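A.B. asks: Each chain, letter by letter, is given below.
Protein chains: 2
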Amino acid sequence: VFADAELDPVMPRDDLERLEPELRNALLSLQEELHERADRAVLVVVAGVDGAGKGSAINLLSEWMDPRGIRTLAFGAPTEEESRHPPMWRYWAELPARGSLGIVFGSWYADFFREAARKKPDRKRLARLSEDIARFESMLASEGVQLVKLWYHLSRDAQRRRCEELEAHPDTAWRVSDSDRDVSRKFKRLRAAADTVVQATDFPYARWTIVPSADESMRTYATAIAVRDAMRRRHLSPVAQPPKLDPSPDRFDDLDYTRKLEKDDYEAALAHWQGRLARAVHDPAFASRSLALVFEGSDAAGKGGAIRRLTHALDVRQMRIMAIAAPSAEDLSRPYLWRFWRDVPTTGRVAIFDRSWYGRVLVERVEGFAKPAEWKRAYDEIRDFEEQLVEHGTIVVKCWLAITKEEQLERFRERESVPFKRYKITADDWRNRRKWTAYRRAANDMFAQTDTQAAPWALIASDDKRFARVEVVKAIALAVEQALGIKQKKD
Amino acid sequence: VFADAELDPVMPRDDLERLEPELRNALLSLQEELHERADRAVLVVVAGVDGAGKGSAINLLSEWMDPRGIRTLAFGAPTEEESRHPPMWRYWAELPARGSLGIVFGSWYADFFREAARKKPDRKRLARLSEDIARFESMLASEGVQLVKLWYHLSRDAQRRRCEELEAHPDTAWRVSDSDRDVSRKFKRLRAAADTVVQATDFPYARWTIVPSADESMRTYATAIAVRDAMRRRHLSPVAQPPKLDPSPDRFDDLDYTRKLEKDDYEAALAHWQGRLARAVHDPAFASRSLALVFEGSDAAGKGGAIRRLTHALDVRQMRIMAIAAPSAEDLSRPYLWRFWRDVPTTGRVAIFDRSWYGRVLVERVEGFAKPAEWKRAYDEIRDFEEQLVEHGTIVVKCWLAITKEEQLERFRERESVPFKRYKITADDWRNRRKWTAYRRAANDMFAQTDTQAAPWALIASDDKRFARVEVVKAIALAVEQALGIKQKKD
Numbered sequence: 001v002f003a004d005a006e007l008d009p010v011m012p013r014d015d016l017e018r019l020e021p022e023l024r025n026a027l028l029s030l031q032e033e034l035h036e037r038a039d040r041a042v043l044v045v046v047a048g049v050d051g052a053g054k055g056s057a058i059n060l061l062s063e064w065m066d067p068r069g070i071r072t073l074a075f076g077a078p079t080e081e082e083s084r085h086p087p088m089w090r091y092w093a094e095l096p097a098r099g100s101l102g103i104v105f106g107s108w109y110a111d112f113f114r115e116a117a118r119k120k121p122d123r124k125r126l127a128r129l130s131e132d133i134a135r136f137e138s139m140l141a142s143e144g145v146q147l148v149k150l151w152y153h154l155s156r157d158a159q160r161r162r163c164e165e166l167e168a169h170p171d172t173a174w175r176v177s178d179s180d181r182d183v184s185r186k187f188k189r190l191r192a193a194a195d196t197v198v199q200a201t202d203f204p205y206a207r208w209t210i211v212p213s214a215d216e217s218m219r220t221y222a223t224a225i226a227v228r229d230a231m232r233r234r235h236l237s238p239v240a241q242p243p244k245l246d247p248s249p250d251r252f253d254d255l256d257y258t259r260k261l262e263k264d265d266y267e268a269a270l271a272h273w274q275g276r277l278a279r280a281v282h283d284p285a286f287a288s289r290s291l292a293l294v295f296e297g298s299d300a301a302g303k304g305g306a307i308r309r310l311t312h313a314l315d316v317r318q319m320r321i322m323a324i325a326a327p328s329a330e331d332l333s334r335p336y337l338w339r340f341w342r343d344v345p346t347t348g349r350v351a352i353f354d355r356s357w358y359g360r361v362l363v364e365r366v367e368g369f370a371k372p373a374e375w376k377r378a379y380d381e382i383r384d385f386e387e388q389l390v391e392h393g394t395i396v397v398k399c400w401l402a403i404t405k406e407e408q409l410e411r412f413r414e415r416e417s418v419p420f421k422r423y424k425i426t427a428d429d430w431r432n433r434r435k436w437t438a439y440r441r442a443a444n445d446m447f448a449q450t451d452t453q454a455a456p457w458a459l460i461a462s463d464d465k466r467f468a469r470v471e472v473v474k475a476i477a478l479a480v481e482q483a484l485g486i487k488q489k490k491d
Numbered sequence: 001v002f003a004d005a006e007l008d009p010v011m012p013r014d015d016l017e018r019l020e021p022e023l024r025n026a027l028l029s030l031q032e033e034l035h036e037r038a039d040r041a042v043l044v045v046v047a048g049v050d051g052a053g054k055g056s057a058i059n060l061l062s063e064w065m066d067p068r069g070i071r072t073l074a075f076g077a078p079t080e081e082e083s084r085h086p087p088m089w090r091y092w093a094e095l096p097a098r099g100s101l102g103i104v105f106g107s108w109y110a111d112f113f114r115e116a117a118r119k120k121p122d123r124k125r126l127a128r129l130s131e132d133i134a135r136f137e138s139m140l141a142s143e144g145v146q147l148v149k150l151w152y153h154l155s156r157d158a159q160r161r162r163c164e165e166l167e168a169h170p171d172t173a174w175r176v177s178d179s180d181r182d183v184s185r186k187f188k189r190l191r192a193a194a195d196t197v198v199q200a201t202d203f204p205y206a207r208w209t210i211v212p213s214a215d216e217s218m219r220t221y222a223t224a225i226a227v228r229d230a231m232r233r234r235h236l237s238p239v240a241q242p243p244k245l246d247p248s249p250d251r252f253d254d255l256d257y258t259r260k261l262e263k264d265d266y267e268a269a270l271a272h273w274q275g276r277l278a279r280a281v282h283d284p285a286f287a288s289r290s291l292a293l294v295f296e297g298s299d300a301a302g303k304g305g306a307i308r309r310l311t312h313a314l315d316v317r318q319m320r321i322m323a324i325a326a327p328s329a330e331d332l333s334r335p336y337l338w339r340f341w342r343d344v345p346t347t348g349r350v351a352i353f354d355r356s357w358y359g360r361v362l363v364e365r366v367e368g369f370a371k372p373a374e375w376k377r378a379y380d381e382i383r384d385f386e387e388q389l390v391e392h393g394t395i396v397v398k399c400w401l402a403i404t405k406e407e408q409l410e411r412f413r414e415r416e417s418v419p420f421k422r423y424k425i426t427a428d429d430w431r432n433r434r435k436w437t438a439y440r441r442a443a444n445d446m447f448a449q450t451d452t453q454a455a456p457w458a459l460i461a462s463d464d465k466r467f468a469r470v471e472v473v474k475a476i477a478l479a480v481e482q483a484l485g486i487k488q489k490k491d
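Chains as they are written, first to last, in the numbering used here: chain A, 1 to 491; chain B, 1 to 491.
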């Protein structure tokens with residue numbers, strides 16, 4: 001795919017100067033339109049061989065467009081903070097809002113390209129890295145982020161000449177890095193690697209444009225028209241996967257809602273499991289792991305109370321509770337998992353989600369806040385998200401607190417009668433209650449789709465609050481012990 | 001101040017249970033009122049001797065109030081990321097928005113208390129830490145953050161007894177840390193230190209409440225009423241400093257606006273200074289420093305063009321350009337420096353502010369967006385902010401690009417006539433131009449107040465763009481060289 005670029009095509013400077021005003025106009029008005037419509041974000045991915053002038057291309061775009069609507073996202077080797085999170089975390093954190101434009105440099109292609117350029121690339125790792133990219137970009141495209149991917153390339157001679165010219169003068173020599181100097185020696189291998197990368201990741205919804213980079217005017221021109229043409233095109237979403245929603249089994253019928261704990265038994269059992277959980281998260285092995293806890297369930301199922309019993313086993317400095325409410329305007333201007341990625345736990349920490357990303361396939365599905373295509377593809381996206389957490393070493397436990405319809409009614413009435421509990425009950429709760437069956441169906445579909453080995457659901461019969469609280473702490477303690485390989489006598 | 005608390009007062013459990021509903025009601029309705037008015041944020045600072053039950057107090061507040069409006073901010077030893085920023089950075093980052101409530105644990109008191117508790121405290125350091133706290137809290141109080149400071153204390157015997165009881169059982173033993181065990185041995189010293197801290201930082205606008213902590217019911221009750229009473233009280237702002245705004249000298253008259261560079265000289269000089277700057281920021285000594293650059297100046301003074309010439313000397317991965325526009329709703333719900341603290345550079349990095357925190361004393365002053373009391377106290381706050389950066393090792397250079405009124409008119413007209421420059425000129429620019437004198441006065445006051453040794457202003461005559469661009473890169477290169485102690489032959 002690089003044959004044309006290696007011809008090192010040249011554009012006379014005069015030609016570029018003649019075309020420049022029109023190009024700049026076009027880019028500026030496209031940017032204005034993007035800002036006004038705010039129907040999508042645009043992410044320009046700048047990649048390619050070292051020493052091809054990628055840096056100048058980034059400068060060019062910030063010069064020709066309105067810098068207030070552009071943000072350059074440049075990534076180097078991961079910082080300590082970054083490496084305490086899954087690899088994709090830093091890219092998620094920086095996703096531009098709808099209506100704005102980001103230029104990514106040192107992107108999620110870096111690892112893939114580096115692996116492909118090794119003397120003996122690890123085929124398996126290559127396949128996995130390429131799948132990760134495909135999933136990430138497909139998610140971005142579906143969630144309203146348009147990808148414009150530019151690969152900078154030039155011939156071996158041109159690359160070497162460019163480096164030599166820069167090196168010849170002390171004022172520009174600093175621009176030439178060791179990896180730039182390496183390029184001409186390893187040129188064949190790097191070109192083959194580039195070929196692998198571009199071929200494997202040229203998706204209909206996220207195409208590569210090869211930018212011939214030997215001549216500055218040509219590089220400038222090719223960059224500008226690639227961005228212009230992409231922004232003019234209608235943003236393509238990946239073709240939706242056929243939904244595989246067979247009727248899901250009803251998991252709620254299996255639960256025994258009559259289970260109970262008397263006060264004394266409760267206190268002993270709770271203290272026991274809190275102690276085990278506390279010892280587990282204070283185990284040295286936990287320092288390189290983390291814990292993400294999801295709490296879902298119908299209204300008044302007792303999530304808050306269970307979370308408080310849980311937190312008694314944790315150091316306030318190592319945990320964070322996220323009470324998830326309706327998304328803010330900022331949240332809505334990004335892919336919906338964005339706000340949850342922000343709160344993913346770092347190593348050694350516990351993140352507790354009181355309601356979670358599952359809102360997408362529960363309340364947003366039932367209330368129609370998400371379109372069918374959106375919540376249907378969310379199962380895949382959520383599985384992918386949780387897999388990334390687990391692969392990074394995060395222990396994921398998801399608790400569903402299940403109560404019967406009768407018990408809910410009783411709790412609603414109690415809430416209404418006790419003044420300091422009244423804030424917990426709103427018209428929304430009564431409205432949701434009328435949709436009991438729809439919520440139950442959504443939950444059953446969700447279990448069928450997301451009860452994975454890596455990140456299982458614990459369904460907990462919660463008509464008795466004491467029983468439920470112990471079960472919650474127990475499920476989490478056992479999961480952490482198991483993940484860390486801590487042996488305990490059976491209970 | 002701890003005599004009462006060391007009597008270890010007790011409250012019968014029944015009494016608390018009788019009072020609980022009313023207390024919870026009061027707290028919930030105060031929280032609701034806070035949320036609705038959103039006229040301030042509330043920050044509950046939890047501090048005190050170890051082993052006094054601070055953690056339970058935090059749990060209590062989250063249990064009795066609506067957890068959706070509360071965020072626990074718990075700080076331990078600084079992470080690597082945190083230590084790459086000035087000490088206060090992590091507290092700034094977590095400031096709650098107006099209308100919400102934060103509980104701070106492991107706060108800005110930790111260092112002060114630790115120093116005070118040493119066998120031979122460093123008097124100078126103590127004085128400095130206490131001043132830092134006074135400045136920070138005064139700023140918070142002025143900027144609409146109400147501080148509720150709770151100091152947990154109990155007698156030496158009660159503290160020891162509490163630890164022993166917890167340690168006696170394997171399920172609770174984990175709650176007792178080494179520092180808890182240390183307390184009774186060092187009790188006298190710790191109490192004296194606590195006394196120092198509380199006395200030195202009991203400000204009218206940020207009072208301490210001592211919470212007797214030996215008895216759980218008493219601790220709970222005292223915590224609840226302290227928060228309730230503080231939230232009922234009208235939020236106090238510190239008494240404003242008398243403004244010291246004597247007529248400031250006119251710095252613009254000193255500039256020679258006729259200075260010019262011809263194209264060839266320009267290109268040589270620019271390349272030279274870009275090279276020097278590039279070498280300076282690639283110097284190993286820069287790895288533990290950072291660079292914060294501020295660009296201000298009238299409209300059309302050429303800030304954007306100067307910044308682009310500057311960035312040619314920098315690696316795109318080590319810098320970030322912040323184009324500062326009007327504050328967002330999120331920004332407005334915090335102290336105004338909050339959004340700038342977020343973008344403070346980490347070690348080894350360059351942060352470029354295209355307009356900056358100086359907006360407070362320029363556009364916000366002239367246009368009346370900030371009240372006189374607000375912009376007048378901003379000089380102090382800004383000096384304090386920049387001092388913190390410099391103390392941390394950040395090199396701060398502030399460039400003011402100055403053009404004559406005639407030159408501005410010419411540039412405005414050019415912008416209107418070239419289509420791809422038209423986006424740069426709006427009705428606002430013409431409006432601002434009519435307030436030329438007011439802006440100039442504001443700028444002169446700003447120079448008089450904030451042209452400090454640590455963070456100086458460079459005023460650059462910019463009627464000739466080439467001359468200005470070289471001067472900008474030169475000023476920055478020299479500042480970095482000087483800060484790093486790099487010797488160069490004179491130019």
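What the hints contain is simulated information worked out from the structure, not anything from laboratory work.
The structure presented is a predicted model; accordingly, all values stated were derived computationally and were not measured.
One should not assume that every hint holds.
Same chains, same names: a pair is fine if it fits in one copy or spans any two.
Straight-line Cα separation of at most 16 angstroms, EDC-like style, residue types lysine to aspartate or glutamate; simulated pairs [stated by the list, open to error]:
(1) Lys421 x Glu63
(2) Lys421 x Glu32
(3) Lys376 x Asp180
(4) Lys465 x Glu262
(5) Lys424 x Glu32
(6) Lys260 x Glu407
(7) Lys421 x Glu367
(8) Lys421 x Glu20
(9) Lys474 x Glu267
(10) Lys188 x Glu364
(11) Lys405 x Asp111
A.B. asks: Run every hint past the structure and note whether it holds.
C.D. replies: The hints, checked one at a time:
1. Lys421 x Glu63: Answer is between; shortest inter-copy Cα gap is 11 angstroms, intra-copy 57 angstroms.
2. Lys421 x Glu32: between (49 angstroms within a copy, 13 angstroms between copies)
3. Lys376 x Asp180: neither (45 angstroms within a copy, 51 angstroms between copies)
4. Lys465 x Glu262: Result: close within a single copy only, 11 angstroms intra versus 81 angstroms inter.
5. Lys424 x Glu32: Between copies only: 12 angstroms across, 44 angstroms inside.
6. Lys260 x Glu407: Within one copy only: 14 angstroms inside a chain, 83 angstroms across chains, cut-off 16 angstroms.
7. Lys421 x Glu367: Intra 25 angstroms, inter 47 angstroms, cutoff 16 angstroms: neither.
8. Lys421 x Glu20: between (66 angstroms within a copy, 12 angstroms between copies)
9. Lys474 x Glu267: within (13 angstroms within a copy, 71 angstroms between copies)
10. Lys188 x Glu364: Neither way: Lys188 and Glu364 sit 51 angstroms apart in one copy and 58 angstroms across, limit 16 angstroms.
11. Lys405 x Asp111: Neither: 51 angstroms inside a chain and 52 angstroms across chains, both beyond 16 angstroms.
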